[in-house]
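Trainee: Numbering (this note's numbering), first residue to last: 1 to 299.
The hints are simulated quantities; they were obtained by calculation from the structure and are not laboratory data.
Fair warning: this is a prediction, and the values are worked out from it, not measured in the lab.
Some hints could be false.
[Said to hold, decoys possible] With beta-carbon atoms standing in for the labels, derived distance ranges: (1) Arg50 with Leu249: 25 to 31 Å; (2) Ala225 with Val265: 20 to 26 Å; (3) Arg50 with Gln214: 55 to 61 Å; (4) Lys291 with Gln185: 26 to 32 Å.
All residues carry an ideal CB built from backbone N, CA and C; glycine is no exception.
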Amino acid sequence: MHPLLRYTLDLFESNTSPAPVNTGSIAIESIASKPYQPGVKLEAMTPPARFQHPLANREARLGEALVGFQLKRGKRRTIGFSVGPDGLVVSAPQWTPLYQVDAALAEKSGWILRKLAETRARHDRLQANRIDWRDGASLPFLGKMVRLVLDPSHAFAEVGGALLPGGDGTEQLHLALPRGATPEQIRDAVQAWLMRQAKTLFQQRLAYFAPQLQVQWRKLTLSSAGTRWGSARIDGSIRLHWRLIHFRLAVIDYVVVHELSHLRVMDHSPLFWDTVRTVVPDYASLRGQLKDEAIPRWL
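Please work from the sequences and hints to get the whole structure.
Mentor: Below, the structure is given as structure tokens:
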């Protein structure tokens with residue numbers, strides 16, 4: 001095989017869907033890993049697992065799975081594969097013949113199927129973790145589940161809600177909302193309350209850990225960034241994602257210490273992690289708990 005046709009695996013999942021491409025023609029089906037059986041339609045075979053990209057313009061049979069993927073041509077030197085929330089995208093040089101694309105798919109079929117299965121499983125977990133915005137719904141707050149209660153008494157209308165003990169020993173978040181509040185109103189009220197709690201708690205934890213690290217932070221901003229839990233700037237500005245408030249305090253403290261440590265070491269060198277370790281010795285374990293599926297899906 002031509003040396004330029006080395007296969008590049010994009011070992012990360014994209015957070016954005018691939019841009020549409022104009023194929024200008026109907027897709028041609030390819031059977032990459034098994035020879036086509038004349039006279040036998042795919043539908044007549046044992047039903048395989050299916051993975052279908054919404055912008056698929058080709059299909060391949062990989063092992064026991066049918067994979068509809070988006071083939072993109074461009075000015076590149078390698079055949080690349082990426083698996084994201086929408087499925088498989090194959091990027092190939094303009095001049096690469098389709099049979100070589102099919103051969104690459106067959107060669108990397110194990111990795112592709114594993115990533116597709118992991119992505120589907122993660123999507124299913126996130127769907128199962130979706131909050132149903134109604135009276136009686138539950139969500140995590142500081143690592144413990146609290147139940148939402150619509151309370152139109154307005155005894156705490158100025159702060160939007162109050163965390164009160166429930167009759168079964170659990171905590172309840174009473175919201176100053178009418179019984180007929182819409183899901184959007186409930187969601188917005190919960191978010192506003194959680195953000196207030198987050199800002200107060202984050203300020204307290206920053207003030208507690210900064211002296212231990214011998215640094216000084218100057219400004220806290222709540223973040224809604226989709227890709228990071230926090231960030232720090234050399235001028236002492238700290239950004240922390242408000243949804244950290246879902247995690248238990250030890251996990252929040254790790255993120256706070258992580259960002260404060262950047263005020264001493266502005267990279268992720270061994271010196272940086274040694275700095276974090278002086279305050280949070282078990283940071284590696286806590287870091288591993290920062291998974292997207294650990295928090296509820298809001299939308």
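Trainee: Taking the earlier hints as the rules, which of them does this structure contradict?
Mentor: Hint check: 1 fails alone, others pass.
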